[in-house]
Amino acid sequence: MFRYLTKKQWVLIGLFIILIIAGYYILPVSIPLILALVTALFLNPSIRWMQFRFRMNRKMAVTIVFLLFLIFLGLLGTFAVTRAVAQIVQLADHAPEYINQMNQVLLNWQNNMDSFTRNMPREFVDKVANELTNAFDRTTTAISQQLQLSNIASVAAKIPEYLVSFLVYLIALFLFMLELPRLRDKMHAGFTEATSEKVKFMNARLAYVVFGFLKAQFLVSIIIFIVTLAGLLWIAPEVALIMSLIIWMIDFIPIIGSIVILGPWSVYMLIIGDISMGGKLGILAITLLAIRRTVEPKVMGRHIGLSPLATLIAMYLGLQLIGLVGFILGPLVVIAFNSAKEAGIIKWNFKL
Numbered sequence: 178m179f180r181y182l183t184k185k186q187w188v189l190i191g192l193f194i195i196l197i198i199a200g201y202y203i204l205p206v207s208i209p210l211i212l213a214l215v216t217a218l219f220l221n222p223s224i225r226w227m228q229f230r231f232r233m234n235r236k237m238a239v240t241i242v243f244l245l246f247l248i249f250l251g252l253l254g255t256f257a258v259t260r261a262v263a264q265i266v267q268l269a270d271h272a273p274e275y276i277n278q279m280n281q282v283l284l285n286w287q288n289n290m291d292s293f294t295r296n297m298p299r300e301f302v303d304k305v306a307n308e309l310t311n312a313f314d315r316t317t318t319a320i321s322q323q324l325q326l327s328n329i330a331s332v333a334a335k336i337p338e339y340l341v342s343f344l345v346y347l348i349a350l351f352l353f354m355l356e357l358p359r360l361r362d363k364m365h366a367g368f369t370e371a372t373s374e375k376v377k378f379m380n381a382r383l384a385y386v387v388f389g390f391l392k393a394q395f396l397v398s399i400i401i402f403i404v405t406l407a408g409l410l411w412i413a414p415e416v417a418l419i420m421s422l423i424i425w426m427i428d429f430i431p432i433i434g435s436i437v438i439l440g441p442w443s444v445y446m447l448i449i450g451d452i453s454m455g456g457k458l459g460i461l462a463i464t465l466l467a468i469r470r471t472v473e474p475k476v477m478g479r480h481i482g483l484s485p486l487a488t489l490i491a492m493y494l495g496l497q498l499i500g501l502v503g504f505i506l507g508p509l510v511v512i513a514f515n516s517a518k519e520a521g522i523i524k525w526n527f528k529l
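Following this note's numbering, the numbering of the sequence shown begins with 178 at its first residue and continues without gaps.
Just so you know, these hints were derived from the structure itself, not from any lab.
Hints are not guaranteed to be accurate.
Below, computed lysine to any residue pairings styled on SDA-like, alpha-carbon distance capped at 25 Å [what the hints assert, rightly or not]:
| no. | residue 1 | residue 2 |
| --- | --- | --- |
| 1 | K335 | V206 |
| 2 | K377 | V510 |
| 3 | K377 | A393 |
| 4 | K392 | L210 |
| 5 | K363 | I195 |
| 6 | K392 | M420 |
| 7 | K375 | L509 |
| 8 | K363 | N380 |
| 9 | K392 | L218 |
| 10 | K518 | L360 |
Assemble the whole structure, with the sequences as input and the hints as a guide.
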């Protein structure tokens, strides 16, 4: 099999392996720069439109688009952060109340257990009761520790680090927006004419598929967020925004999805006796799961041309190898490989 590979193909395979190894160590600390590049690519069509529509140079168009983007981020961030912080503090304040409710449920269970276990061996009953009590105590202690204001303050202490990363993201975004044409020309200057044409074809195909993938993810996530927010505004309006944001972020993780939040929440409400709210949360969880499983394959298949199975495998392997960044990069690597084959850069025409 390997004897059919040419020297050029061996070089490409070696470079691909080096990129994977370097990416494993570099990507986790390069997230602001990667996000800046992706955002610049998203905003580049609007920059070109402004240049064509208003006959202005690129620097002026970049400045206007960048300022509009900052205004949008500022308005969105101000609303989301103020509401989220208020609801997190409210959740922390009510944590003792939730723990007391669980303690009351445990006492009721113990009372009911006494009536059902009268004819059972006492040693067995005591052991089971002690194990349940210890497990519950560990769970409530862990929850109370996580929801303490001191832990929230420790998270808030990392805000300066996040601000530095955000500033790097904004500066890199502006520079990428300015330099995209020059970077593209510089890249093509290092290729022969034939290779340059193949790379242009690959870039066009890759850009179409990548933007389709990101657009598909965005569309599905917006649907999930809107349905979640609408449902929680009816079920639990006091924590609707923060829980909708958490569920929206968790829903990006394949296989797990929003059920990992809504499932335990629904069970908890059923345990403490709030059958109505527990049932509503269960219905919302099933609804979100149905939307994800029904809409995602159709949207993905239409926008990126990958089968749902290939998309799921790429997402899962990327997630396991390099975390949440790999969740996005996994399908993109498969898409890049397929685009390179279509462009003729990689020839994969051997048989066993």
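Going through the hints against the structure:
Between the alpha carbons of K335 and V206 the distance comes to roughly 16 Å, so the proposed pair stays at or under 25 Å and holds. For a cut-off of 25 Å, the pair hint linking K377 to V510 stands: about 17 Å separates their Cα positions. Straight-line distance between C-alpha atoms of K377 and A393 comes to about 24 Å, which keeps the hinted pair within the 25 Å bound. At most 25 Å may separate the alpha-carbon atoms for a hinted pair to count; K392 and L210 meet this at roughly 20 Å.
A hinted pair counts as satisfied when its Cα atoms are at most 25 Å apart, and K363 with I195 qualifies at roughly 22 Å. For the hint pairing K392 with M420, the CA-to-CA distance comes to about 24 Å; that is within 25 Å, so the pair holds. The hinted pair formed by K375 and L509 meets the criterion: a straight-line CA distance of about 19 Å does not exceed 25 Å. Taken as a hint, the K363 and N380 pair is honoured in the structure, with Cα atoms around 14 Å apart against an allowance of 25 Å.
For the proposed pair K392 and L218, the alpha carbon gap of about 13 Å is at most 25 Å, so the pair holds. A distance of roughly 24 Å separates the Cα atoms of K518 and L360; the hinted pair therefore holds under the 25 Å criterion.
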